[in-house]
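**Q** Once you have looked at the hints, place chain B on chain A.
There are 2 protein chains.
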Amino acid sequence: MRIPRFTSILSAGVIGAFFFASAALAQDDPLPSWNDGASKQAIVEFVEAVTTDGGADFVAPADRIATFDNDGTLWVEHPIYTQLAFALDRVKALAPDHPEWKTTQPFKAVLDNDMEALGKIGEKGLVELVMASHAGMSTADFEKIVTDWFKTAKHPRFDRPYTELAYQPMVELLEYLRDNGFMTYIVSGGGVEFMRPMTLEVYGIPAQQVIGSSIKTKYEEVNGTPVLMREAEIDFIDDKAGKPVGINKFIGKRPIAAFGNSAGDRQMLEWTGAGGGARLMMLVFHDDADREYAYGPANGLPDTHFGAFPQDLMDEAKDKGWRVISMKDDWNRIFADR
Amino acid sequence: MRIPRFTSILSAGVIGAFFFASAALAQDDPLPSWNDGASKQAIVEFVEAVTTDGGADFVAPADRIATFDNDGTLWVEHPIYTQLAFALDRVKALAPDHPEWKTTQPFKAVLDNDMEALGKIGEKGLVELVMASHAGMSTADFEKIVTDWFKTAKHPRFDRPYTELAYQPMVELLEYLRDNGFMTYIVSGGGVEFMRPMTLEVYGIPAQQVIGSSIKTKYEEVNGTPVLMREAEIDFIDDKAGKPVGINKFIGKRPIAAFGNSAGDRQMLEWTGAGGGARLMMLVFHDDADREYAYGPANGLPDTHFGAFPQDLMDEAKDKGWRVISMKDDWNRIFADR
Chain A
4 MRIPRFTSIL SAGVIGAFFF ASAALAQDDP LPSWNDGASK QAIVEFVEAV TTDGGADFVA
64 PADRIATFDN DGTLWVEHPI YTQLAFALDR VKALAPDHPE WKTTQPFKAV LDNDMEALGK
124 IGEKGLVELV MASHAGMSTA DFEKIVTDWF KTAKHPRFDR PYTELAYQPM VELLEYLRDN
184 GFMTYIVSGG GVEFMRPMTL EVYGIPAQQV IGSSIKTKYE EVNGTPVLMR EAEIDFIDDK
244 AGKPVGINKF IGKRPIAAFG NSAGDRQMLE WTGAGGGARL MMLVFHDDAD REYAYGPANG
304 LPDTHFGAFP QDLMDEAKDK GWRVISMKDD WNRIFADR
Chain B
4 MRIPRFTSIL SAGVIGAFFF ASAALAQDDP LPSWNDGASK QAIVEFVEAV TTDGGADFVA
64 PADRIATFDN DGTLWVEHPI YTQLAFALDR VKALAPDHPE WKTTQPFKAV LDNDMEALGK
124 IGEKGLVELV MASHAGMSTA DFEKIVTDWF KTAKHPRFDR PYTELAYQPM VELLEYLRDN
184 GFMTYIVSGG GVEFMRPMTL EVYGIPAQQV IGSSIKTKYE EVNGTPVLMR EAEIDFIDDK
244 AGKPVGINKF IGKRPIAAFG NSAGDRQMLE WTGAGGGARL MMLVFHDDAD REYAYGPANG
304 LPDTHFGAFP QDLMDEAKDK GWRVISMKDD WNRIFADR
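Going line by line, the protein sequences match chains A and B.
Quick note, the numbering used here runs 3 ahead of the 1-based positions in the first sequence.
Quick note, the numbering used here runs 3 ahead of the 1-based positions in the second sequence.
Everything labelled a hint here was simulated from the structure, so no lab data went into it.
Misleading hints may appear alongside valid ones.
Remember, identical chains collapse to one label, so a pair may be satisfied in a single copy or spanning two.
[As the list claims (entries may be wrong)] Derived DSBU-like pairs (lysine-lysine); straight-line CA-CA distance at most 30 Å:
1) 321 x 147
2) 221 x 127
3) 323 x 105
4) 243 x 219
5) 323 x 219
6) 323 x 111
7) 147 x 323
Bound-form chain A, shown alone (with noise of 0.2 Å):
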């Protein structure tokens, strides 16, 4: 019985501390929706050499800027950009007081749902609807409307409001940049105070981290009080060549880490990786048509007007060492739990 016993003991503390080991491990996974692999490594190997204090690629902590972007980047782009979906339906909304519109592109094609005609609207068109639908009120007055849209409006395919269709993998990784003392930035070809009222909640990352393209605004005194009126004229694009400038705009300091998805990318993480030290530029690649999407063109995947990603820039991500992401084998889970 002696020796049986012993090992039986010694089993049951063998297995014991197994269990707690792993447990243990699984809650101190700071990115458990990521799976083992090559781009969680990376990841992790870039967060600890720069925060190894004393090492080689230490970064102090006023230095760790990351940027991210948005659409396709930390949450769903597809069927079309979020921001498009609420356009049309602020279009929709306003129709009553534009009888105009009926008979008028790209109106029209916003009312009668004629996707085939809004594919062919060009930019042109599309600066018509946002402009329609996003100035000509107050920041405060957009600011509610956008509010009011997101507790309502929801994904035509996952039947989810949008701010529930952040991706669950780069949610904790912004947490654990944070977590090691990392400023989390926005970088976003989308407007900036149409991502404003949600990126806090959704992300954890506050207005003044939201940079993005935006309309001029002017400084009025309506009956004795001062609003900021939104205009119907362009101020900034904050997209390719221009996310560089938006970067040291806005920031003032040189990202060592970024984030994509797309080819309105590619100068984010040239720009990032063109500084000294440790650097970690990453892109998404949409390759998962049954949990979410699939789009390229790049690898042979269908082309799209929404995020394309290009073969020319998953050639210069392996040519320059940026990381590509694959949603279906580097993510566990896509989304939060409902």
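**A** For chain B alone, coordinates are given in the frame of chain A:
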């Protein structure tokens, strides 16, 4: 003997306690360069009101935004703006490459040290000087030029580097606010890339919390390396009605406290004051010719080209409960000791 001894012990104790309390008070005073008076009291009462958890005026730390003008509010702006002194020095340094400047205004006035002609160059001439001295190089090169200039340039009257001419009472105020959970921002008509190289060292304010006027930058690759080139085109003028516009653009939140010293700060204080809850708006009034400068034209002081405080601003301050800081009466010292 007994009673006297007891008395003397008691006295020693009381006196000791008194000195101890005084020392503690002096040590605990976060604003030692401020004289006791209405200005200091208003600051302390405001900070206590917005930081008292459960109080009627409590403000969550995320919304404790305080904005500060720079020239004349945080540091000296006479006899001319520091950035103009920099521009004049740059024009002189670049003159050998521009022989035509010897006969062309506004450059001729600079090279001849003709202050009377300089006073007449107007806004167009000023923009020409700024573009000639601030554009045509990369952001990295400009940062180095500015940093080097600050190392050697000295103020003509005080014979000290400009970076030593921050107002010590305002530096204490910045620290006091930050110690109470505020984010402190500079919102200046001055050039953002002229200020950022010195704001952390001088004011404890990092680059991303500096808002200012800017010229456009353009992303380019030079010999395979990405650079941001500074172009001779105005991007944004962060002055007067531009200040609330800049605050909304960069911060996306309304400040609860704002500090200025001239007509250029009027709209920033109006915008701040128009929000709900406890607010603190203050204007520095330069009424101390002995220790610094005295200029208005408010209250009959001499008018000026640099940071004028007009009478109607003084009237608006009185009307709206903005507090006017008398440099002469409220500050027991102006600059930190050498």
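**Q** The structure should be examined with respect to each hint, and the outcome stated for every one.
**A** Here is what the structure says about each hint:
no.: 1; hint: 321 x 147; verdict: neither (43 Å within a copy, 33 Å between copies)
no.: 2; hint: 221 x 127; verdict: both (23 Å within a copy, 23 Å between copies)
no.: 3; hint: 323 x 105; verdict: neither (50 Å within a copy, 49 Å between copies)
no.: 4; hint: 243 x 219; verdict: both (20 Å within a copy, 16 Å between copies)
no.: 5; hint: 323 x 219; verdict: between (37 Å within a copy, 28 Å between copies)
no.: 6; hint: 323 x 111; verdict: neither (45 Å within a copy, 49 Å between copies)
no.: 7; hint: 147 x 323; verdict: between (43 Å within a copy, 28 Å between copies)
The structure fails hints 1, 3 and 6 (numbered hints given earlier, in ascending order).
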